[in-house]
Amino acid sequence: MSQNNILEVKNLHATVAEEGKEILKGIDLTVNAGEVHAIMGPNGSGKSTLASVLAGNERFAVTEGNVTFLGRNLLDMSIEERAATGLFLGFQYPVEIPGVSMANFLRLAMNQQRAFRGEEPISSGDFLRLMRQKSEIVELGDKLMNRAVNEGFSGGEKKRNEIFQMAMLEPKLAVLDETDSGLDIDALRVVATGVARLKRPDNATIVITHYQRLLDYIVPDVVHVLYHGRIIYSAGKELAKELEERGYDWLIREYGDKEE
Amino acid sequence: MDRTLKERYKYTPLSRLAAPLGTGGGDPGLVFAEIEIQANACLCRKAVATSEELEQTIAASEKHLAEDPLVADNLGTPDNRAQGIQIDIPDNFRADGVLYVHLRYPGNGGKCVLRNTVRIGRNAQVRIALYQHPVTCPDRTVINALTVVDAAAGAQAEIIEVTETQATCFGTILNRQRGDSHVKVTTIDLDNALLRRNQFIYLTEQGAECDLEGVYITDGTQHCDNHIRMYHAVPHCTSNQLFKGVAEDESHAVFTGQIHVAKNAQQTVALQENHNIVLSDKAKIDTRPQLEIYADDVKCNHGATIGRLDPEAIYYMRQRGIGLEVARRLQIEGFIDEIIDHSHIEDLGHLLHEKVSRRLLNI
Numbered sequence: 002m003s004q005n006n007i008l009e010v011k012n013l014h015a016t017v018a019e020e021g022k023e024i025l026k027g028i029d030l031t032v033n034a035g036e037v038h039a040i041m042g043p044n045g046s047g048k049s050t051l052a053s054v055l056a057g058n059e060r061f062a063v064t065e066g067n068v069t070f071l072g073r074n075l076l077d078m079s080i081e082e083r084a085a086t087g088l089f090l091g092f093q094y095p096v097e098i099p100g101v102s103m104a105n106f107l108r109l110a111m112n113q114q115r116a117f118r119g120e121e122p123i124s125s126g127d128f129l130r131l132m133r134q135k136s137e138i139v140e141l142g143d144k145l146m147n148r149a150v151n152e153g154f155s156g157g158e159k160k161r162n163e164i165f166q167m168a169m170l171e172p173k174l175a176v177l178d179e180t181d182s183g184l185d186i187d188a189l190r191v192v193a194t195g196v197a198r199l200k201r202p203d204n205a206t207i208v209i210t211h212y213q214r215l216l217d218y219i220v221p222d223v224v225h226v227l228y229h230g231r232i233i234y235s236a237g238k239e240l241a242k243e244l245e246e247r248g249y250d251w252l253i254r255e256y257g258d259k260e261e
Numbered sequence: 002m003d004r005t006l007k008e009r010y011k012y013t014p015l016s017r018l019a020a021p022l023g024t025g026g027g028d029p030g031l032v033f034a035e036i037e038i039q040a041n042a043c044l045c046r047k048a049v050a051t052s053e054e055l056e057q058t059i060a061a062s063e064k065h066l067a068e069d070p071l072v073a074d075n076l077g078t079p080d081n082r083a084q085g086i087q088i089d090i091p092d093n094f095r096a097d098g099v100l101y102v103h104l105r106y107p108g109n110g111g112k113c114v115l116r117n118t119v120r121i122g123r124n125a126q127v128r129i130a131l132y133q134h135p136v137t138c139p140d141r142t143v144i145n146a147l148t149v150v151d152a153a154a155g156a157q158a159e160i161i162e163v164t165e166t167q168a169t170c171f172g173t174i175l176n177r178q179r180g181d182s183h184v185k186v187t188t189i190d191l192d193n194a195l196l197r198r199n200q201f202i203y204l205t206e207q208g209a210e211c212d213l214e215g216v217y218i219t220d221g222t223q224h225c226d227n228h229i230r231m232y233h234a235v236p237h238c239t240s241n242q243l244f245k246g247v248a249e250d251e252s253h254a255v256f257t258g259q260i261h262v263a264k265n266a267q268q269t270v271a272l273q274e275n276h277n278i279v280l281s282d283k284a285k286i287d288t289r290p291q292l293e294i295y296a297d298d299v300k301c302n303h304g305a306t307i308g309r310l311d312p313e314a315i316y317y318m319r320q321r322g323i324g325l326e327v328a329r330r331l332q333i334e335g336f337i338d339e340i341i342d343h344s345h346i347e348d349l350g351h352l353l354h355e356k357v358s359r360r361l362l363n364i
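For the protein sequence lines, the chains are F and A, in the order given. Note that the numbering used here has the first sequence beginning at 2, numbered continuously upward. Note that the numbering used here has the second sequence beginning at 2, numbered continuously upward.
Quick caveat, the hints were computed from the structure, so don't treat them as lab data. Treat each hint with caution, since some may be false.
Pairwise CB distance ranges (calculated) [stated by the list, open to error]:
id: 1; chain 1: F; residue 1: G142; chain 2: A; residue 2: L18; range: 54 to 60 Å
id: 2; chain 1: A; residue 1: G221; chain 2: F; residue 2: Y212; range: 50 to 56 Å
id: 3; chain 1: F; residue 1: R190; chain 2: A; residue 2: E313; range: 27 to 33 Å
id: 4; chain 1: A; residue 1: A154; chain 2: F; residue 2: I186; range: 58 to 64 Å
id: 5; chain 1: F; residue 1: A116; chain 2: A; residue 2: D250; range: 26 to 32 Å
id: 6; chain 1: A; residue 1: A154; chain 2: F; residue 2: E59; range: 57 to 63 Å
id: 7; chain 1: F; residue 1: G21; chain 2: A; residue 2: H354; range: 43 to 49 Å
id: 8; chain 1: F; residue 1: S182; chain 2: A; residue 2: D311; range: 18 to 24 Å
id: 9; chain 1: A; residue 1: H351; chain 2: F; residue 2: D222; range: 46 to 52 Å
Example chain F residues on the side facing chain A (calculated, C-beta under 8 Å, incomplete) [to be verified]:
id: 10; residue: A56
id: 11; residue: N58
id: 12; residue: I80
id: 13; residue: A84
id: 14; residue: L90
id: 15; residue: F92
id: 16; residue: V96
id: 17; residue: I98
id: 18; residue: G100
id: 19; residue: V101
id: 20; residue: L109
id: 21; residue: A110
id: 22; residue: Q113
id: 23; residue: Q114
id: 24; residue: L170
Idealized CB from N, CA, C, for every residue including glycine.
Could you put together the complete structure from these sequences and hints?
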């Protein structure tokens with residue numbers, strides 16, 4: 002494994018914890034520092050499940066395989082431990098938390114992550130400065146900071162808020178789960194340029210998306226097609242365009258599970 | 002107890018008491034509360050309110066009120082023993098700041114009876130914070146405080162009562178509100194073995210408005226029982242109730258909200274909301290909205306919910322690096338804070354936030 006490896010997924014199988022239905026059927030994925038990976042695929046192929054399993058969502062159970070994150074066994078870590086180690090999940094449906102202000106929530110999150118890593122808490126002054134600076138990236142007004150987390154935010158504001166939190170927390174790996182869904186073209190541009198600006202040589206991004214249009218702004222190094230819980234095909238950025246034009250059928254016919 | 006009273010006390014475990022209620026404080030060794038008054042002391046003093054005075058108010062309010070076990074118990078105590086605070090706000094007087102009243106109970110336990118009166122003159126304004134402090138012998142202390150609030154026309158009052166006695170804490174708050182008066186009572190019940198509070202509100206002249214808000218937190222085998230009777234006697238009055246509760250372990254919390262709209266009380270607006278979170282499988286919440294509406298042109302809404310913590314919100318917080326326990330606590334605080342934030346008493350707000358956080362550390 003190379004020095005700059007961030008994520009190494011090997012033969013990952015996962016089921017819905019309650020009913021035991023298998024969703025991921027052997028995922029292999031290698032993400033290195035500085036890379037952007039796009040995961041595409043038709044509805045129900047397991048894209049969101051992959052994001053959830055990486056984050057540690059307890060609705061899913063890993064039945065086989067292993068995942069290494071920054072040289073550590075990701076599957077042994079709690080949800081918050083994964084976050085503090087540098088994994089960020091941009092939610093497809095960001096959750097509202099009534100009564101908890103954005104500023105309080107984010108400061109607590111930062112300080113809990115810092116405490117976990119044995120670092121000093123951030124001072125109020127530094128926190129406010131950082132917040133002002135980072136909220137510019139996604140053109141998110143100050144006024145949202147005093148409101149309850151995601152409560153009464155428009156769809157676009159919720160998604161921009163996800164990218165804002167990502168900017169504040171500076172993860173090593175960001176998994177963005179359909180961050181582009183439900184966005185109009187302006188919001189999409191803001192979100193996408195925000196993500197592009199946060200790209201650094203020492204971090205990596207996995208963009209899960211339905212549409213090619215997000216990839217006009219965030220240029221991926223690799224595009225993967227997920228189908229029936231497996232990555233059936235991977236190629237360079239030009240694959241996204243091809244999928245837009247031709248759909249998934251030709252790939253599914255060629256590489257899809259013959260039994261399905 | 003007759004049937005109506007039995008129904009009203011259906012969930013209150015009076016059987017936990019060593020001596021039955023209604024007999025007053027017969028114990029000769031009885032010591033009373035230590036009352037400490039901070040600020041605006043000229044408006045507020047320790048005093049003896051006589052039974053007759055209170056009986057008259059009660060008689061003017063509702064015929065059956067004197068039969069309520071808590072009220073009867075309080076009135077049954079010999080006069081010279083029933084101290085309390087007396088607050089008198091003269092007409093048109095706008096009291097600055099907040100009147101703080103600290104109630105500390107004797108270390109040797111016993112029954113502590115208090116009779117408080119709050120009179121707010123015409124167009125006068127006041128904010129009062131009443132603290133029921135922890136007692137030294139929780140298992141041997143029974144508190145029974147009767148507070149009568151008399152709000153004259155145009156009076157405005159905000160009253161906050163915080164209870165963390167750890168003991169048996171009974172209380173009755175009786176509001177009589179005249180025209181265009183506005184009274185808000187917020188109760189924060191943090192830590193009491195057995196609490197039962199009656200709030201009897203009489204909106205007796207047009208334009209009167211009453212807001213009742215409350216938070217209750219219970220754990221262990223605690224019982225917390227808030228019983229509201231909002232009486233709209235005349236047209237054009239408004240009432241709002243918003244209560245939120247959290248129950249952990251094997252505790253039991255009860256909310257009963259009666260709204261009574263008399264036949265001629267047209268154009269009444271009466272709203273009520275009660276929301277609860279149960280944190281364990283054995284904790285129990287009973288919520289009873291009870292609407293008796295005899296007028297036909299009214300707006301009355303009520304809503305009651307009992308739920309659990311939202312696992313999605315907890316997952317979201319943990320994904321941002323917030324530990325499970327902290328995430329749970331944050332969500333409970335967020336649930337409750339709304340009520341504390343509604344309070345217009347700012348420095349008290351800070352203190353209450355702190356008290357709630359500290360309380361939640363233990364559950």
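Notebook entry, point to check: Which of the numbered hints above does this structure break?
Noted result: none
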